[in-house]
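In case you want the letters, here they are:
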Amino acid sequence: MSNEALFTYTLRLADDLLILSHRLGEWCGHGPVLEEDIALTNRALDHIGEARNLLTYAGEVEGKGRTEDDLAFLRNERQFLNTKLVEQPNGDYAHTIVRSFLFDAYHLPLAEALLKSSDAQLAAIAGKAVKEAQYHLRHSNDWLIRFGDGTEESHQRAQIALDNLWTFTGDLFTQDEVHQAMVKAGVAPDLTKIKATFDATVDKVLSEATLKRPVDGFMASGGRQGKHGEQLGFILAEMQYLQRAYPGATW
Amino acid sequence: MSDTTKREALFQAKVDSEQKIEPKDWMPEKYRKNLIRQISQHAHSEVVGMLPEGNWISRAPSLKRKAILLAKVQDEAGHGLYLYSAAETLGTSREQTIDDLLSGKAKYSSIFNYPTLTWADIGAVGWLVDGAAIMNQVMLCRTSYGPYARAMVRICKEESFHQRQGYEIMAVLAKGSPEQKEMAQDALNRWWWPSLMMFGPTDANSPHSAESMKWKIKRQSNDELRQTFIDRTVQQAEVIGLTIPDPDLKWNEATQHYDWGAIDWAEFNSVVAGNGPCNKERLAARNKAHNDGAWVREAAMAYAAKKAERKAA
Ligand SMILES: [Fe+2]
Ligand SMILES: [Fe+2]
Ligand SMILES: [Fe+2]
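These protein sequence lines map, in sequence, to chains A and B.
Each residue of the first sequence is one higher than the one before, counting from 0 in numbering that gives the first Met the number 0.
Each residue of the second sequence is one higher than the one before, counting from 0 in numbering that gives the first Met the number 0.
The shape of chain A in the complex, shown without the other chains (with noise of 0.2 Å):
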């Protein structure tokens, strides 16, 4: 196993938390009731928290010398390893709760495989994560559930979220030649296996949500290698624009 498929690896799964967490930053004060302004911001908070140990290790694996803000804010488009669900924009409620679901329904699994990761770091990390990704998929699981049983316009807008959103979730289960040589070191789980729980569990929410599963059509990939949407830049464009604009300074 080469130190740099290690690097590759924690650099997606820290930018897959990295990104939520601004994403979901960006509704702080504009939120659809006070208590989810709360709730929406603990997630951020959590998923900032991993992405920093992730980040941090990453550095360490890397052996450059790296920080966990260098390699936030200093890295380019081409550079960053998130899948593609992740940087899509908020939209509407139903929009944010969809792409939180369909994260969290794969993260909690992968983050309890990976509590049995040969990577003692990558181990350590997901034993504080799993907790958090109950919680998440709770929070959300609970809120599509709402919005699919509640309203006619709620069950309408969490389907439409639904169904533009599914594409990406192909993108979180692609394994590439760097994801085989690490499910062949144990430092990752084969995303198969993850696939199948995470299929269980949509497929338990959406039919108590009453809510279609999409047919897989058109799959989106490519975030793995750094091949993003539009999007992703302009999000970069304002997380680094202060290290950018005063490179080498202390905040």
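No lab work stands behind these hints, which were simulated from the structure alone.
Source: prediction; values computed, not measured.
Note that CB positions come from ideal geometry on N, CA and C, so glycine has one too.
Take every hint as true, because none was put in to throw you off.
Now the stretches of chain B that chain A is said to cover, found in silico as 3 or more residues with beta-carbon under 8 Å:
hint, segment
1, 41 to 50
2, 64 to 71
3, 75 to 88
4, 172 to 178
5, 281 to 291
Given chain A, work out where chain B with the ligands should sit, using these hints.
Same frame as chain A, now just chain B with the ligands:
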């Protein structure tokens, strides 16, 4: 003595002997109204205050700062919730209170009608705005109305953390590059006077003050609190090498306090009247969040009703 006079005398005796007034106790109608106005204004300030600070979450310059800022703005949402609950104990509904904010009928602290233009403003807001708020809130921990006092005790702990974080942002900028130091000084220049205005009009011109003091809703006057804040903050600015933008500021040996220059009350009145730099944006943002969220709240209620029905069946 009439019944009301007797009750009023009893009420005042209770206040004078430092017993807390609780929701079920009898209270003069004006006391109730005064408190509803003050607590809901306070709640609205917490919620509107999330906007200028939330404005920098996406641009925070490090992951640590971003996490701290997220947590801070989240605290303010929590403060809003405690305070809306405290207001509800006086017989108002949260819906009505929020509607009054959205329609522009209710006020919130005018300080939040100023924009956060640079990252240093996040430091200045924590240091000065939370710092000024604490002066008021520490006093309110001993306010005569029980639920308000208890909400304040929880809030104060978090506010002092906010103040320290803001000051630390300023301290780091002040010893950073010349550009960073300039950013910090500029933020102090813009936020200083509005922060002093947060304590409200001078005692001579403060419409609700005398009654509030008699009922121990307030325990120190606007001018006393303002003086304490100035004395403390001038020293903090000195420590980090920033200059308070007041040429008349000087230590007074006789009073053992700082003397300071004249506050521009015309500006204060104009911002209160709705003509600050961001009044329209703030109210528009709150209205947009409320309107966009209407279907979400309706869905939650509809689902809860269905669930209750199924349980009953
Ligand atoms: Fe505050
Ligand atoms: Fe607060
Ligand atoms: Fe605060």
